[in-house]
Amino acid sequence: GTHRRGGVGVVSERQGPVCELKKQGQVFCRAVASLVIGDPLLTPARTLEVTQRANRSRLEQAAMKTGKRVIWKLSPATEADVAGFNEFVHYFEEKERVGLIEMPDRITVIIPPIQSFLDVIRVNVHDRSIHLLIVQH
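Converting from the sequence shown to the working numbering requires adding 3 to each position, the first position being numbered 1.
Don't take every hint at face value.
[Unchecked claim] Simulated crosslink set (DSSO-like; lysine-lysine; CA at most 30 Å straight-line): (1) Lys98 with Lys71; (2) Lys98 with Lys68; (3) Lys25 with Lys98; (4) Lys25 with Lys71; (5) Lys26 with Lys98; (6) Lys26 with Lys68; (7) Lys71 with Lys26; (8) Lys25 with Lys68.
[To be verified] Label-pair restraints from in silico Cβ distances: (9) Pro107 with Arg56: 19 to 29 Å; (10) Ala83 with Pro107: 32 to 42 Å; (11) Ala83 with Asp122: 31 to 41 Å; (12) Gln29 with Thr69: 29 to 39 Å; (13) Glu97 with Val30: 12 to 22 Å; (14) Leu44 with Lys98: 23 to 33 Å; (15) Glu63 with Ala83: 29 to 39 Å; (16) Thr81 with His140: 15 to 25 Å; (17) Met106 with Pro43: 12 to 22 Å.
For the record, the hints were derived by calculation from the structure and aren't laboratory data. This one's a predicted model, so the numbers in the text were calculated from it and none came from an experiment. Ideal Cβ placement from N, Cα and C applies to all residues, glycine included.
Taking the hints into account, I'd like the entire structure generated from these sequences.
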């Protein structure tokens, strides 16, 4: 179950992989990933360090890539992570950008809870969580 305490719910039982969210070398929080759809073996990196920001068309390009894919939903790992998580989310919402992490064999797109962005991956916004699209090529 989740505890509601302003912003986004905290997952009480550790369902999935835990990752650290970083931007420009700064750690914002730890987050727990829960599988939405796709290949569960394609897990998020333990540290998700956003190296670049991109607009919606870049998300569309990533979503159209062929290869193994998965969508994860991220929530704060503990109560102590909620403030940093919300700050991280707010940054991308305010800029209306996705975060990109490109590696030689995969691309990870960090998607804030903006419905026009989530439409690209056919997900509805129900709360202020983050979705990850990972495509391995």
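Consistency of the hints with the structure:
1. For the hint pairing Lys98 with Lys71, the CA-to-CA distance comes to about 29 Å; that is within 30 Å, so the pair holds.
2. Distance check on the hinted pair: Lys98 and Lys68 sit about 25 Å apart at the alpha-carbon level, within 30 Å; holds.
3. At roughly 17 Å between alpha-carbon atoms, Lys25 and Lys98 fall within 30 Å of each other, so this suggested pair holds.
4. At most 30 Å may separate the alpha-carbon atoms for a hinted pair to count; Lys25 and Lys71 meet this at roughly 25 Å.
5. The suggested pairing of Lys26 with Lys98 holds, with an alpha-carbon distance near 14 Å, which does not exceed 30 Å.
6. With a C-alpha separation of about 25 Å, the suggested pairing of Lys26 with Lys68 holds against the 30 Å cut-off.
7. The hinted pair formed by Lys71 and Lys26 meets the criterion: a straight-line CA distance of about 26 Å does not exceed 30 Å.
8. For the proposed pair Lys25 and Lys68, the alpha carbon gap of about 25 Å is at most 30 Å, so the pair holds.
9. Range check, Pro107 to Arg56: Cβ separation about 21 Å, and the 19 to 29 Å hint holds.
10. About 34 Å separates the C-beta atoms of Ala83 and Pro107, a value consistent with the hinted range of 32 to 42 Å.
11. Checked against the hint of 31 to 41 Å, the pair Ala83 and Asp122 passes, with Cβ atoms roughly 33 Å apart.
12. Remark: the range hint 29 to 39 Å for Gln29 to Thr69 is upheld by a beta-carbon distance near 34 Å.
13. The hint said 12 to 22 Å for the Cβ distance between Glu97 and Val30, and at roughly 20 Å that hint holds.
14. Hint check: Leu44 to Lys98, Cβ distance near 32 Å, so the stated range 23 to 33 Å holds.
15. For the pair Glu63 and Ala83, the supplied restraint of 29 to 39 Å holds, since their beta-carbon distance comes to about 35 Å.
16. One distance hint, 15 to 25 Å for the beta-carbon pair Thr81 and His140, is violated here, with the actual separation near 34 Å.
17. At roughly 19 Å, the beta carbons of Met106 and Pro43 sit within the given window of 12 to 22 Å.
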